[in-house]
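Protein chains: 6
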Amino acid sequence: MFTFKVDEEIELQLFQLKDCKELYRMVDTNRSHLREWLGWVDDMTSPYQYETIIPVWLKQFADNNGFNTGIRYQGELVGSIGFHYIDWRNRHTTIGYYLAKNAVGKGIMTRSVRALLDYAFYELGLNRVEIRCGEYNLKSRAIPERLGFTIEGRIRDGEALYNNFHDLIVYGMLTREWNNRTAYKPY
Amino acid sequence: MFTFKVDEEIELQLFQLKDCKELYRMVDTNRSHLREWLGWVDDMTSPYQYETIIPVWLKQFADNNGFNTGIRYQGELVGSIGFHYIDWRNRHTTIGYYLAKNAVGKGIMTRSVRALLDYAFYELGLNRVEIRCGEYNLKSRAIPERLGFTIEGRIRDGEALYNNFHDLIVYGMLTREWNNRTAYKPY
Amino acid sequence: MFTFKVDEEIELQLFQLKDCKELYRMVDTNRSHLREWLGWVDDMTSPYQYETIIPVWLKQFADNNGFNTGIRYQGELVGSIGFHYIDWRNRHTTIGYYLAKNAVGKGIMTRSVRALLDYAFYELGLNRVEIRCGEYNLKSRAIPERLGFTIEGRIRDGEALYNNFHDLIVYGMLTREWNNRTAYKPY
Amino acid sequence: MFTFKVDEEIELQLFQLKDCKELYRMVDTNRSHLREWLGWVDDMTSPYQYETIIPVWLKQFADNNGFNTGIRYQGELVGSIGFHYIDWRNRHTTIGYYLAKNAVGKGIMTRSVRALLDYAFYELGLNRVEIRCGEYNLKSRAIPERLGFTIEGRIRDGEALYNNFHDLIVYGMLTREWNNRTAYKPY
Amino acid sequence: MFTFKVDEEIELQLFQLKDCKELYRMVDTNRSHLREWLGWVDDMTSPYQYETIIPVWLKQFADNNGFNTGIRYQGELVGSIGFHYIDWRNRHTTIGYYLAKNAVGKGIMTRSVRALLDYAFYELGLNRVEIRCGEYNLKSRAIPERLGFTIEGRIRDGEALYNNFHDLIVYGMLTREWNNRTAYKPY
Amino acid sequence: MFTFKVDEEIELQLFQLKDCKELYRMVDTNRSHLREWLGWVDDMTSPYQYETIIPVWLKQFADNNGFNTGIRYQGELVGSIGFHYIDWRNRHTTIGYYLAKNAVGKGIMTRSVRALLDYAFYELGLNRVEIRCGEYNLKSRAIPERLGFTIEGRIRDGEALYNNFHDLIVYGMLTREWNNRTAYKPY
Chain A
1 MFTFKVDEEI
11 ELQLFQLKDC
21 KELYRMVDTN
31 RSHLREWLGW
41 VDDMTSPYQY
51 ETIIPVWLKQ
61 FADNNGFNTG
71 IRYQGELVGS
81 IGFHYIDWRN
91 RHTTIGYYLA
101 KNAVGKGIMT
111 RSVRALLDYA
121 FYELGLNRVE
131 IRCGEYNLKS
141 RAIPERLGFT
151 IEGRIRDGEA
161 LYNNFHDLIV
171 YGMLTREWNN
181 RTAYKPY
Chain V
1 MFTFKVDEEI
11 ELQLFQLKDC
21 KELYRMVDTN
31 RSHLREWLGW
41 VDDMTSPYQY
51 ETIIPVWLKQ
61 FADNNGFNTG
71 IRYQGELVGS
81 IGFHYIDWRN
91 RHTTIGYYLA
101 KNAVGKGIMT
111 RSVRALLDYA
121 FYELGLNRVE
131 IRCGEYNLKS
141 RAIPERLGFT
151 IEGRIRDGEA
161 LYNNFHDLIV
171 YGMLTREWNN
181 RTAYKPY
Chain E
1 MFTFKVDEEI
11 ELQLFQLKDC
21 KELYRMVDTN
31 RSHLREWLGW
41 VDDMTSPYQY
51 ETIIPVWLKQ
61 FADNNGFNTG
71 IRYQGELVGS
81 IGFHYIDWRN
91 RHTTIGYYLA
101 KNAVGKGIMT
111 RSVRALLDYA
121 FYELGLNRVE
131 IRCGEYNLKS
141 RAIPERLGFT
151 IEGRIRDGEA
161 LYNNFHDLIV
171 YGMLTREWNN
181 RTAYKPY
Chain Z
1 MFTFKVDEEI
11 ELQLFQLKDC
21 KELYRMVDTN
31 RSHLREWLGW
41 VDDMTSPYQY
51 ETIIPVWLKQ
61 FADNNGFNTG
71 IRYQGELVGS
81 IGFHYIDWRN
91 RHTTIGYYLA
101 KNAVGKGIMT
111 RSVRALLDYA
121 FYELGLNRVE
131 IRCGEYNLKS
141 RAIPERLGFT
151 IEGRIRDGEA
161 LYNNFHDLIV
171 YGMLTREWNN
181 RTAYKPY
Chain L
1 MFTFKVDEEI
11 ELQLFQLKDC
21 KELYRMVDTN
31 RSHLREWLGW
41 VDDMTSPYQY
51 ETIIPVWLKQ
61 FADNNGFNTG
71 IRYQGELVGS
81 IGFHYIDWRN
91 RHTTIGYYLA
101 KNAVGKGIMT
111 RSVRALLDYA
121 FYELGLNRVE
131 IRCGEYNLKS
141 RAIPERLGFT
151 IEGRIRDGEA
161 LYNNFHDLIV
171 YGMLTREWNN
181 RTAYKPY
Chain Y
1 MFTFKVDEEI
11 ELQLFQLKDC
21 KELYRMVDTN
31 RSHLREWLGW
41 VDDMTSPYQY
51 ETIIPVWLKQ
61 FADNNGFNTG
71 IRYQGELVGS
81 IGFHYIDWRN
91 RHTTIGYYLA
101 KNAVGKGIMT
111 RSVRALLDYA
121 FYELGLNRVE
131 IRCGEYNLKS
141 RAIPERLGFT
151 IEGRIRDGEA
161 LYNNFHDLIV
171 YGMLTREWNN
181 RTAYKPY
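Residue numbers (our numbering), protein chains in the order written: chain A, 1 to 187; chain V, 1 to 187; chain E, 1 to 187; chain Z, 1 to 187; chain L, 1 to 187; chain Y, 1 to 187.
Take the hints with a grain of salt, since some may be wrong.
Some, not all, of what chain V presents toward chain E, calculated at C-beta under 10 Å [stated by the list, open to error]:
id : residue
1  : E36
2  : G39
3  : R91
4  : G158
5  : E159
6  : I169
7  : V170
Bear in mind the hints are in silico, worked out from the structure with no lab data behind them. Keep in mind it's a predicted model, so treat the numbers as computed, not measured. Note that the Cβ used here is the ideal one computed from N, Cα and C, for glycine as well.
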């Protein structure tokens, strides 16, 4: 119901209880695609699990500590994006996201992240936004690279994925850089 | 940030902490107008009070028990509307609202309530929506009357307003009525 | 243990954990009678459910937000009555009640409600007490009518009862009316 | 409102928010009398403190962990009595009490404790009730002695009273003893 | 990890989640020995129960209201000791403890209690420490007697043990006595 | 009271309420030294603030989500060290620390971190430990460098310090590296 409009095609929608089944269906039909880089996919075995999870996400939003949204492309739920938390003392947040397989390659995520950067820097007054991607998750890494983020490091063994660890590449964007960006190519 | 789009001119926006000052300013510049029918207006003496209130509203939303939004007309905050609570057992809710003085007479509230009725009946699956208006608050009463609500009763002394009680007129709309409505005139 | 004395025959007793079995037994032996107008009867399938519910009722009392009592007639548990909540801002409450089949027709509920009206108006300083009855629940409606309540409206589809909705008749009593009541006939 | 009837003259009433002022007044007019044996008397400097304390007492009752009541003698608030807690595993509780100066010497406390013993043993099924009195608080000690309690020990320095410690005499009554008691002399 | 050092052989360790299995194993291999005087032994049927209990103990410590530790003798977990609560108003606490069968007779508990007395009196500034032992639990009673505690009473039926009650002997030690103790014989 | 022993000279002690004054005194006498790299120093203006903070730290420990300790060198409180949180899914934590001025240069922190690495990898079974230092905080950076951590990145504007941002250098140590470390030079 409540959405953040990215452009004419894309909206980011706060998940509500009524969205449990739709969200589960998207995850369930994209299991092999999503589990390649998301450790929690195998844990999701029923839409009813989201009846517990969605209120936690909304509580996070109520606490002014980030949020989690569904990405709607031409009305269809095709992914998720959000701020993991907000570190108000250091004016910093981290963006996480994933996309259904059939939605890849349309610039959806790049446009969504771009909109959230505007929101983070100009609405919330944050100074820094971070994105962390698995080293070999090239599609994910393409997003911050396309938007002009700077690679700041490689967190070795930063994430566990089905009993293996893999490295995370840290990308950072600062408010002064976003102000001065010269180009943006959606895809 | 997160909004429910009513039409090209009107959006309903979930209040967030960052909106404290803007919300207070609207109330503060409409005191004499609003306090005629709203008992809490005199209690609001500082924007910082909303730092406590807004998280309560968002927590209500996280609990799937209604919400409170700001009405934006052509981007400007001109009022508030929400579901006071949701009675899931009886599939029922109550809508409350108010408008800044300069926004009256443009059909803003009628269009907003109409959109929330669609949401209540078709998204949430509720069966009944109620609006209660002060007996002599004719501008407020015009909204449900214009939308085809039925007068169901008069709650005598239903509301305290600065040490006086006044009667509340109860308006009801049922899902089967909304399905069959024949006409709608915004204003 | 803790009771509100109505008269020589009737006491209203705050439910405590030790009353779980007795309360369940009363409900269980009155199922067909009670479920005609109470939507929760079929949900009660074990006395142990009351081990969760009774602390919630007592917590409500501790929060100064109403209470729920058992009606004892000559010592026997024959029904329940309480204030659903207390709206302190508007100095208003709503009374709910039910009676076991074998206790009907003795004026028990009329006398109990009368005592709670005295308590609401003279001890708590409330201004208004409401009772809502199913339109065709004539025995229930007889209580407020006998005590001089005013019919204030009909809430259409106000309550769900086993997948049907039925209308609720709203009865109201104001403190100034209770002060001036001329007559009272228990039965 | 909710009372436990001791006899024709005495009732034990659960304190509610509406009793704050009356309770404070009793304490305030008995300061020199009460502070001799009660360490908290000097801390009570305003009736508004009871707006915090009374809900805590009621919450304790809701948790099935004891209660605190006002003693009404011929309708007047003259003291307080309660179960400090209930140790359900060991089926044990402790009674605490105090009386206003002008109510001393009428058997009020003896009768109240006797009623609570009946309640503890026969309603709650406890096995043991304890009373602890300051060694030199002879009026307090007279209560359990009159009712046939057994002295079980002396807790040295058991209680702090305005920077001094004094010994507590432990009195115990068991359910089998209460069943077999031969006599009772109110005063 | 975090330990209170008693002497070269004995440490008291705050239980953490990682200790669940080790703690359960000690209890499980000492069932017949421990259940003679501990009522909860039969309730422990799985190490996973400690995943709930240990956080409660740590929360108690965080609330400055006592703690529960494992006794390690030469590194091996051989028992448990703690402060049941701390009554800050009366500057008083109670020590509880138990020992695995094979650890009895080495002075472990006497030395541990002695160290906790130093801590209670000299670090926390308490005035009184109490130990309660089953009347016929002679090994347990030997600890306070060896350390010079005073017998203060016998709480009749003070504790339930598998459907029987037994008397508890109350031992007390005051700070002024601990200051003046003349002798200490570990075993 | 409860300590983690590092070596004969150094202990890490869980802060308790009784330590408020000692902790405040250490911070207060090291203000100019500490505020160079710690953003919260100016916020601490009274030992009573720690009465709120220390229970939060202990609650964190009770939640199995890290801890905060005081470093005692030859018994004296000279600094603080802890795990900021524990990411159990990814088996990862971050160490934070600071030292009083007069304790610098004795290898205290290097030895403390080394001990916590052993604890993290061998007791808790974590896979990765991170330390983040201000780019120009060379004394702080010397600790992970001496212990063989790997520089993994530079988080630009990672931390706010009195209205400026500075970069953070990320150091990482993995369990397999710690197993194979060849040398350690305390200082």
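Taking 10 Å as the limit, does the beta-carbon of V:G39 come near enough to a beta-carbon in chain E?
7 Å, holds
Interface hint check: V:V170, Cβ to nearest Cβ on chain E, cutoff 10 Å. Holds or violated?
Holds. Min distance 5 Å.
Are V:I169 and chain E close enough, Cβ to Cβ, to be under 10 Å, as the hint says?
9 Å, holds
Restraint satisfaction for V:R91 [CB to CB of chain E, less than 10 Å]:
6 Å, holds
Grab the minimum C-beta distance from V:E159 to chain E and call the hint holds if it beats 10 Å, violated otherwise.
5 Å, holds
Restraint outcome when V:E36 is required to lie within 10 Å of chain E by C-beta distance:
It is violated, given that the least Cβ distance between V:E36 and chain E is near 17 Å, above 10 Å.
Given hint V:G158 near chain E, where the shortest CB pair must fall under 10 Å:
Because about 7 Å separates V:G158 from the closest Cβ in chain E, which is inside the 10 Å limit, the hint holds.
Hint 1 from the earlier list is the only one contradicted by this structure; the remaining hints agree with it.
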